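Q: These protein sequence lines map, in sequence, to chains B and C. Sequential numbering from 43 applies to the first sequence in the numbering used here. Sequential numbering from 170 applies to the second sequence in the numbering used here.
These aren't lab readings, by the way, just hints derived from the structure by calculation. Treat the numbers as computed from the prediction; the structure is a model and nothing was measured. Some clues are possibly wrong.
[What the hints assert, rightly or not] Sample of chain B residues facing chain C (criterion: CB under 7 Å; computed from the structure):
| hint | residue |
| --- | --- |
| 1 | 51 |
| 2 | 67 |
| 3 | 93 |
| 4 | 101 |
| 5 | 142 |
| 6 | 144 |
[As the list claims (entries may be wrong)] Pair by pair, the computed Cβ-Cβ distance ranges are:
| hint | chain 1 | residue 1 | chain 2 | residue 2 | range |
| --- | --- | --- | --- | --- | --- |
| 7 | B | 172 | C | 360 | 53 to 59 Å |
| 8 | B | 58 | C | 522 | 42 to 48 Å |
| 9 | B | 104 | C | 240 | 27 to 33 Å |
| 10 | B | 58 | C | 224 | 36 to 42 Å |
| 11 | C | 208 | B | 60 | 48 to 54 Å |
| 12 | B | 87 | C | 263 | 28 to 34 Å |
| 13 | C | 455 | B | 104 | 50 to 56 Å |
| 14 | C | 303 | B | 187 | 46 to 52 Å |
For every residue, glycine included, the Cβ atom is placed at its ideal position computed from N, Cα and C.
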Amino acid sequence: MQKQELTDFLKGLFPEAEFPENTQLPEMVVPAEKLHNTANLLKSDKNLAFDYLISLTAVDYLKNMTVVYHLESTQFRHVLVLKTVLNDRENPVVETVSDIWPTVEPHENEVFDLFGIRFNNHPMPRRLFLTDDYGFPLRKDFQDEVNIIERK
Amino acid sequence: MSEEIIKNIIVKENEDYIINMGPQHPSTHGVLRLEVCLQGETVKYIVPHVGYIHRGIEKMCEANTYPQIIHLTDRMDYLSAHMNNEAVCLCVENAMQVEVPERVKYVRTILAELNRLASHQLWWSAFGMDLGALTTFFYGLRDRELILDIFEESFGSRLLHSFNTPGGLMHDIHPNFQKRTKDFIAYFREKLPEYDQLLTGNIIFQQRTKGIGLLSREKAIAYGVTGPSGRGSGFSCDLRKHAPYSAYDKVQFNEIVYTEGDTFARYNVRMDEMRESLNIIEQLIDNIPSDGHTAKMKPIIKLPAGEFFQRVETARGELAVYIVSDGNKTPYRIKFRSPNFSNLFVMNELAAGGKIADLIAISGSLDLVIPDIDR
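I would like the entire structure built from these sequences, with the hints used as guidance.
A: In structure tokens:
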């Protein structure tokens with residue numbers, strides 16, 4: 043499906059979602075509590091068939107945390123950016139989707155490691171790169187006076 | 170980095186051993202630790218531990234301008250340095266809506282294929298050596314040296330090029346570049362059958378790879394295994410075909426897909442890809458247009474506010490760059506989706522239930538580069 047066609051189709055399927063305009067790729071923003079159901083439907087719907095998760099990451103916007111999923115359908119070759127906004131920036135929690143796309147398991151570990159976002163029902167929660175007492179370095183307010191030298 | 174987690178996942182029986190393979194182990198080609206639960210010689214479960222060379226490249230990028238970021242991307246997958254550079258450059262060019270000259274597209278494609286060849290040659294050398302065929306190492310490195318010499322002459326460095334820059338190339342290619350590349354193609358076409366005689370047809374090699382480490386197409390997609398490893402399982406994921414960039418829409422080539430899904434299939438994909446790379450270079454090398462090696466760029470590169478996404482096919486699979494820009498000269502957030510990261514974590518699916526000697530063959534056939542996983 044082309045970008046406009048895909049957006050129109052998704053609008054019919056997910057009335058509660060938001061669809062930002064003027065983006066490079068089709069985008070959909072869903073509330074965190076609807077994320078798991080949405081992901082399930084995106085994969086199982088036979089007109090969408092998003093079976094391949096390209097990447098999962100997060101962005102710290104200071105007023106909230108946004109988790110970003112890039113999805114592709116290997117059958118139809120359309121790409122979708124799925125986002126969910128977590129307003130509790132101090133203790134962000136979201137449901138895992140590792141039962142839908144197994145590849146996401148280490149990606150979620152990485153996001154927890156670098157952003158401190160917790161994933162409920164994750165099969166193997168752990169820090170991936172850093173030690174347990176390290177902070178969450180990709181948060182914008184992270185400070186490490188020893189290892190990070192601020193450029194003047 | 171957790172010390173030991175395998176005991177939390179599976180029930181350990183009396184005869185089971187939990188051993189660490191790595192972080193310093195020749196077959197992991199870098200600092201990777203595999204926590205392996207063994208029952209005799211049979212692998213029960215594997216948990217990969219990464220992070221030994223985590224340098225925080227994504228964090229560093231947030232303080233650097235886009236031309237500076239190029240130099241950091243080399244250090245991720247150092248064997249696909251050119252493709253990594255290209256990914257960031259394409260993302261920045263798309264965001265700024267800059268049209269690069271045709272010459273740049275052609276040269277980038279040729280260099281990417283040369284880089285892919287060099288990478289596959291090194292993989293072939295090391296893979297043979299992992300399985301006890303030491304001679305492959307000398308054959309592979311002998312031929313790879315010729316590509317590295319071409320690189321050295323054209324842009325001064327052999328491994329980490331940083332030859333791309335947003336808008337084009339740092340400088341023009343060397344006058345000898347075309348001739349030397351053509352000489353290399355003629356030379357390597359004769360040498361490739363030697364590779365097959367030496368290793369592919371070897372009965373010991375075939376017995377150690379055929380039917381070992383089976384991965385179905387569905388599993389490959391579910392675990393996001395891309396590149397030659399995914400195509401060995403029948404997952405058609407070549408972005409040069411499906412989302413062409415640079416000059417890939419101007420050349421004829423086949424996407425190599427094998428459906429067996431075992432270690433030997435992954436091996437064959439890479440061997441055939443080397444031949445396809447030679448074909449691609451051959452179609453382009455005589456037709457390089459001469460419309461300049463860089464587009465006109467502003468002295469300070471600022472991306473418009475927004476989000477940009479670019480995918481390229483490196484020697485190991487899909488590299489995706491995701492830039493969130495707030496309109497400044499540095500990115501607000503940059504994410505590299507590295508192919509090896511997803512490819513590594515399928516290891517338990519592949520090796521559990523097999524013998525520990527097969528684990529070496531399997532990790533070799535995934536062609537992992539560890540700095541790309543840790544970033």
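Q: Are the hints correct? Go through all of them and say.
A: Going down the list of hints, with the structure as the test:
| no. | hint | result |
| --- | --- | --- |
| 1 | 51 | violated, 21 Å |
| 2 | 67 | holds, 6 Å |
| 3 | 93 | holds, 5 Å |
| 4 | 101 | holds, 5 Å |
| 5 | 142 | violated, 9 Å |
| 6 | 144 | holds, 5 Å |
| 7 | 172(B) - 360(C): 53 to 59 Å | violated, 45 Å |
| 8 | 58(B) - 522(C): 42 to 48 Å | holds, 44 Å |
| 9 | 104(B) - 240(C): 27 to 33 Å | holds, 28 Å |
| 10 | 58(B) - 224(C): 36 to 42 Å | holds, 41 Å |
| 11 | 208(C) - 60(B): 48 to 54 Å | holds, 51 Å |
| 12 | 87(B) - 263(C): 28 to 34 Å | holds, 29 Å |
| 13 | 455(C) - 104(B): 50 to 56 Å | holds, 54 Å |
| 14 | 303(C) - 187(B): 46 to 52 Å | holds, 49 Å |
Of the hints listed earlier, those the structure fails to meet are numbers 1, 5, 7, in rising order.
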